Amino acid sequence: MILKSFILAFAFLLSACVATGVREVTQNPQFPRQHELTETPFFPQELYHCGPAALATALNAIDVKVSPDQLVPEVYIPSRKGSLQIEMLAAARRHGALAVKIEPELGAVLKEISAGNVVLVMQNLGLSWAPSWHYAVVVGYDLDKELIWLRSGTFERFEMSLSAFQRTWARSKYWAFVALKPGDLPASGGVEAVISALITYEKNAGAAKASVAYAAAAKRWPGNLVLLTGLGNSAYVTGDFTSAAAAFREATSAHPDSAVAHNNLANVQLAQGEVKAAKLSAEKALQLAGGDQKLQSQIQKTIDEINAYSIKK
Amino acid sequence: MNFVKRLFSAFLAASILFTGSIQTVQAAMISTEQVAESSITSQGNQDRTLIVAALSREDVQAALVARGIDPAQAQDRVAALTDEEASVVASQLDTAPAGGIIGAIVLIFLVLLLTDILGFTKIFPFTRSVR
Numbered sequence: 003m004i005l006k007s008f009i010l011a012f013a014f015l016l017s018a019c020v021a022t023g024v025r026e027v028t029q030n031p032q033f034p035r036q037h038e039l040t041e042t043p044f045f046p047q048e049l050y051h052c053g054p055a056a057l058a059t060a061l062n063a064i065d066v067k068v069s070p071d072q073l074v075p076e077v078y079i080p081s082r083k084g085s086l087q088i089e090m091l092a093a094a095r096r097h098g099a100l101a102v103k104i105e106p107e108l109g110a111v112l113k114e115i116s117a118g119n120v121v122l123v124m125q126n127l128g129l130s131w132a133p134s135w136h137y138a139v140v141v142g143y144d145l146d147k148e149l150i151w152l153r154s155g156t157f158e159r160f161e162m163s164l165s166a167f168q169r170t171w172a173r174s175k176y177w178a179f180v181a182l183k184p185g186d187l188p189a190s191g192g193v194e195a196v197i198s199a200l201i202t203y204e205k206n207a208g209a210a211k212a213s214v215a216y217a218a219a220a221k222r223w224p225g226n227l228v229l230l231t232g233l234g235n236s237a238y239v240t241g242d243f244t245s246a247a248a249a250f251r252e253a254t255s256a257h258p259d260s261a262v263a264h265n266n267l268a269n270v271q272l273a274q275g276e277v278k279a280a281k282l283s284a285e286k287a288l289q290l291a292g293g294d295q296k297l298q299s300q301i302q303k304t305i306d307e308i309n310a311y312s313i314k315k
Numbered sequence: 037m038n039f040v041k042r043l044f045s046a047f048l049a050a051s052i053l054f055t056g057s058i059q060t061v062q063a064a065m066i067s068t069e070q071v072a073e074s075s076i077t078s079q080g081n082q083d084r085t086l087i088v089a090a091l092s093r094e095d096v097q098a099a100l101v102a103r104g105i106d107p108a109q110a111q112d113r114v115a116a117l118t119d120e121e122a123s124v125v126a127s128q129l130d131t132a133p134a135g136g137i138i139g140a141i142v143l144i145f146l147v148l149l150l151t152d153i154l155g156f157t158k159i160f161p162f163t164r165s166v167r
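Chains A and B, in that order, give the protein sequences.
Everything in the first sequence is counted per our numbering, starting at 3 for the first residue and increasing by one.
Everything in the second sequence is counted per our numbering, starting at 37 for the first residue and increasing by one.
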């Protein structure tokens, strides 16, 4: 029994030397050994404004010209002397950046850095029971030296060991995101994170930017129904009916049983003045809707509009 | 005077409700969001409306001003939240203690939630703020 607890204690001691997840990346041949984005601008934080400063760094890195002072009223909460995570994402979107949360692992950060995307991270520089929350921007790393560099607080090139970074980052449950120009995609992660970022982006950034961003994602993940719907919808809003029709045609051929794809195609065809084709698409959509009442009523609205159009003619 | 106040807040609540229900995609197009996750969408607008309605309360507004936050800015911030994020913020409403004068309790709960978001209380774990 005593031996067992000794072994356990020893195991804990060992694990305190190198933070979990660090060895996995330093020994992984998949990552470039070092990379640093030296051109990343720097905005030293004033008072408790690490949120606005980090966000300004990430946004200016993709040529969105905005100062920390401009961001203060958007993300800073005076009485809390800080910024909420959700608002950091929302503010990035408001300034036209596609904000994608990355996978909660060190490997994802390295992938983004080596692809040229700085990573905005949340750290707890204190302890779990005495937190000192902080936002910073990872700009570089060296796996041989086991170091990572950040634009952090008042330090332009803040150096941390990978282990120390990993521990302070772990306390925020590995919270991190990349802010991208529309048309760029994160180097790490799957389609789900990009989809959820794109849907919010479509609402905040406007249809023109959204359609560029959707087009890039639909190219990387061809045949994805959500991405094609997003591309078609945003193109439709900008008045680019040709692209919208192309997107929904691709959606109907990749997902022939999708009522939504056929319904939206019908709307685009109607906008193009192809009433007959629109009617066929809408009828097909209604067939496919099955017992879904919400869908049925939405498709019925499309059919009503097509009929109203025919009467006007 | 009290009656006028009430009338005004009712009007405010109603106008917010209506702006909340305006859809971004026009015609009979079905939104991307609906395709992605039909379940969260309808909830999102309701959640957002709840939060915005509470933000419009006079006492909350006074509290906002006292804390150095422009009430209009606060509403903009809520508007910028995604449905999913709004759901996270408002999901705690479901766990409000039931029974008794439910309306009043829910109201207190809402105010607590808001004060939490704005940083003068710390009831819910998801409203972490940083330095």
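In short, the hints are calculated from the structure, not lab data.
One or more hints might be untrue.
As the list claims (entries may be wrong) - Far from chain B by the CB rule (all over 10 Å, computed), these chain A residues:
id: 1; residue: Ser69
id: 2; residue: Phe160
id: 3; residue: Gly185
id: 4; residue: Lys281
Claimed, not checked - With a Cα cut of at most 20 Å, we get these calculated SDA-like pairs of lysine to any residue:
id: 5; chain 1: A; residue 1: Lys103; chain 2: B; residue 2: Ala72
id: 6; chain 1: A; residue 1: Lys205; chain 2: B; residue 2: Ala72
id: 7; chain 1: A; residue 1: Lys103; chain 2: A; residue 2: Ile64
id: 8; chain 1: A; residue 1: Lys296; chain 2: B; residue 2: Ala72
id: 9; chain 1: A; residue 1: Lys221; chain 2: B; residue 2: Ala72
id: 10; chain 1: A; residue 1: Lys175; chain 2: A; residue 2: Gly192
id: 11; chain 1: A; residue 1: Lys103; chain 2: A; residue 2: Thr170
Keep in mind it's a predicted model, so treat the numbers as computed, not measured.
Quick reminder that beta carbons are idealized off the backbone N, C-alpha and C, glycines included.
Going down the list of hints, with the structure as the test:
For serine 69(A), the shortest C-beta to C-beta distance to chain B comes to about 17 Å, beyond the 10 Å cut-off, and the non-interface label holds. A cut-off of 10 Å between C-beta atoms confirms that phenylalanine 160(A) is not in contact with chain B; the least separation is 15 Å. For glycine 185(A), the requirement that its beta carbon stay farther than 10 Å from each beta carbon of chain B is met, with the minimum near 17 Å. With 10 Å as the threshold on Cβ separation, the claim that lysine 281(A) sits away from chain B holds: the shortest Cβ distance comes to roughly 13 Å.
Under the criterion of a C-alpha separation no larger than 20 Å, the hint pairing lysine 103(A) with alanine 72(B) is consistent with the structure, at around 17 Å. Of the pairs offered as hints, the one joining lysine 205(A) and alanine 72(B) holds, with about 14 Å between alpha carbons and a cut-off of 20 Å not exceeded. In summary, the hint linking lysine 103(A) to isoleucine 64(A) is supported, as the alpha carbons are separated by about 16 Å, within the 20 Å threshold. This hinted pair checks out: lysine 296(A) and alanine 72(B) have alpha carbons roughly 15 Å apart, not beyond 20 Å.
Between lysine 221(A) and alanine 72(B) the alpha-carbon distance is near 18 Å, which keeps this suggested pair within the 20 Å criterion. Under the criterion of a C-alpha separation no larger than 20 Å, the hint pairing lysine 175(A) with glycine 192(A) is consistent with the structure, at around 19 Å. At most 20 Å may separate the alpha-carbon atoms for a hinted pair to count; lysine 103(A) and threonine 170(A) meet this at roughly 18 Å.
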